[in-house]
Amino acid sequence: MAAASIIVAETPLVRYLLRRADDALILGHRLSEWCGKAPMMEEEMALANMGLDLIGQARALYTYAGEVEAAGRDEDAYAYLRDVRGYGNLLLVEQPNGDFAATMVRQLFYSAFIDPYWRALMASPDATLAAIAAKAEKESAYHVRHSAEWVIRLGDGTPESHRRAQDALDNLWAFTGEMFETDAGEQSLIADGLVPDPAALRAVWHESVAKVVAQAGLTLPQGGWMQKGGRSGQHSEHLGHLLSDLQYMQRAFPGATW
Amino acid sequence: MDAALHDAEALRSEIWRVAGAVTDPEIPVLSIADLGVLRAVDIVDGAIEVAITPTYSGCPAMNMIALEIELALAKAGLGPVRVKTVLSPAWTTEWMSEEGRAKLRAYGIAPPAKGGGRRALFGEEEVACPQCGSTDTAELAPFGSTSCKSLWQCKTCREPFDYFKCH
Numbered sequence: 058m059a060a061a062s063i064i065v066a067e068t069p070l071v072r073y074l075l076r077r078a079d080d081a082l083i084l085g086h087r088l089s090e091w092c093g094k095a096p097m098m099e100e101e102m103a104l105a106n107m108g109l110d111l112i113g114q115a116r117a118l119y120t121y122a123g124e125v126e127a128a129g130r131d132e133d134a135y136a137y138l139r140d141v142r143g144y145g146n147l148l149l150v151e152q153p154n155g156d157f158a159a160t161m162v163r164q165l166f167y168s169a170f171i172d173p174y175w176r177a178l179m180a181s182p183d184a185t186l187a188a189i190a191a192k193a194e195k196e197s198a199y200h201v202r203h204s205a206e207w208v209i210r211l212g213d214g215t216p217e218s219h220r221r222a223q224d225a226l227d228n229l230w231a232f233t234g235e236m237f238e239t240d241a242g243e244q245s246l247i248a249d250g251l252v253p254d255p256a257a258l259r260a261v262w263h264e265s266v267a268k269v270v271a272q273a274g275l276t277l278p279q280g281g282w283m284q285k286g287g288r289s290g291q292h293s294e295h296l297g298h299l300l301s302d303l304q305y306m307q308r309a310f311p312g313a314t315w
Numbered sequence: 008m009d010a011a012l013h014d015a016e017a018l019r020s021e022i023w024r025v026a027g028a029v030t031d032p033e034i035p036v037l038s039i040a041d042l043g044v045l046r047a048v049d050i051v052d053g054a055i056e057v058a059i060t061p062t063y064s065g066c067p068a069m070n071m072i073a074l075e076i077e078l079a080l081a082k083a084g085l086g087p088v089r090v091k092t093v094l095s096p097a098w099t100t101e102w103m104s105e106e107g108r109a110k111l112r113a114y115g116i117a118p119p120a121k122g123g124g125r126r127a128l129f130g131e132e133e134v135a136c137p138q139c140g141s142t143d144t145a146e147l148a149p150f151g152s153t154s155c156k157s158l159w160q161c162k163t164c165r166e167p168f169d170y171f172k173c174h
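For the protein sequence lines, the chains are A and B, in the order given. Just add 57 to wherever you are in the first sequence, counting from 1, and you've got the numbering used here. Just add 7 to wherever you are in the second sequence, counting from 1, and you've got the numbering used here.
Derived from the structure by calculation, the hints contain no laboratory data. Certain hints may be false.
As the list claims (entries may be wrong) - Short derived list, chain B residues pointing at chain A, Cβ under 7 Å:
hint : residue
1    : Ser20
2    : Gly43
3    : Ser64
4    : Gly65
5    : Val90
6    : Ala148
7    : Pro149
8    : Phe150
9    : Ser154
10   : His174
As the list claims (entries may be wrong) - Far from chain B by the CB rule (all over 10 Å, computed), these chain A residues:
hint : residue
11   : Glu99
12   : Gly113
13   : Gln114
14   : Thr185
15   : Gly214
16   : His219
17   : Glu238
18   : Gly242
19   : Ala248
20   : Ala256
21   : Ala271
22   : Ser289
23   : Gln307
For glycine and all other residues, C-beta sits at the position ideal for the given N, C-alpha and C.
Take the sequences, apply the hints, and build the full model.
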């Protein structure tokens, strides 16, 4: 018998925690897909390390969501038993790995946003949120540096690596706007001073990404139409496939342990 | 100090000694006391509560360490015990004891620079080779065999070595 899906009664804080945890889990899972296929041994280690950091951050956020929801759910229930429409991650992080340039550009776009975001969240009066942010911030700093170095190396490398890096920038650009979006629930948390407003970080994000892209000799796309929907559960077709892989064991063998 | 309080204090330090001697499964020369992973020992309604903190959010050694603590205390006839994970304040390499740093170096891993932190990200740190002591070293890969280490090479003796990253 397959495990039934759960539906979470989302208060603004629970919803917020799940959204942030989903970002980290899905991107961490994407990076884990590189295991055994990375272009070289050092990158194999780096991608797995960064994926592990992200999955660790997701665990802390899901665990806290479980405490706040107080319905007896743990991190595994949220990760394994919610359907695709219940996930609220950014469309950016569910995009397929593509080639190595696409993976690194996706990582730079996300890390350059989440690094200052965690730093801002460290000032939250919610002690658990501040603690999770303080831990994650040390890790995201390494992710920014690593992905930036690679984007520069690829852009400034061969004509082929340059072309691939530019394609990645152009293809993923439309998914960056969603990082700065908030819904009414999150706005109420912002108004209460509990969490930072992501829109306030747009200039900082743009400046750090633009600096890397310029150094790489690449062109940062300007403005344009932005794709969104991930935060409200409207995902690209890719997330369902990812979840079928991520959730398979717990759905097929409910409560399986080893 | 009355006798009961004295006994409780003695028990707490005994628990600290036993739990603190548990070693990191990835770096077996370091105890969790050396690392600063062991944060607190409390006795709540007769039950032992041990608090540990992860070095990295996704550190896979945490479950293993919690299990080892339970085992070590059970062997010493102490228990029942509950091991809980605390996140605040966030672990930092600044907490690593001098003894821990010396043990790391002797094991062939360069200990984290004091006061490194984010400066390490901008190439401002100087890492001495744990084999020959030369500071003419270079980073080969920022992510090493575990989350907490990066891979370096000494340009003097040519030996590659692990460096415990500043955090």
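Tell me the hint numbers this structure goes against, listed in increasing order.
Hints 1, 2, 5, 11, 12, 13, 14 contradicted; others consistent.
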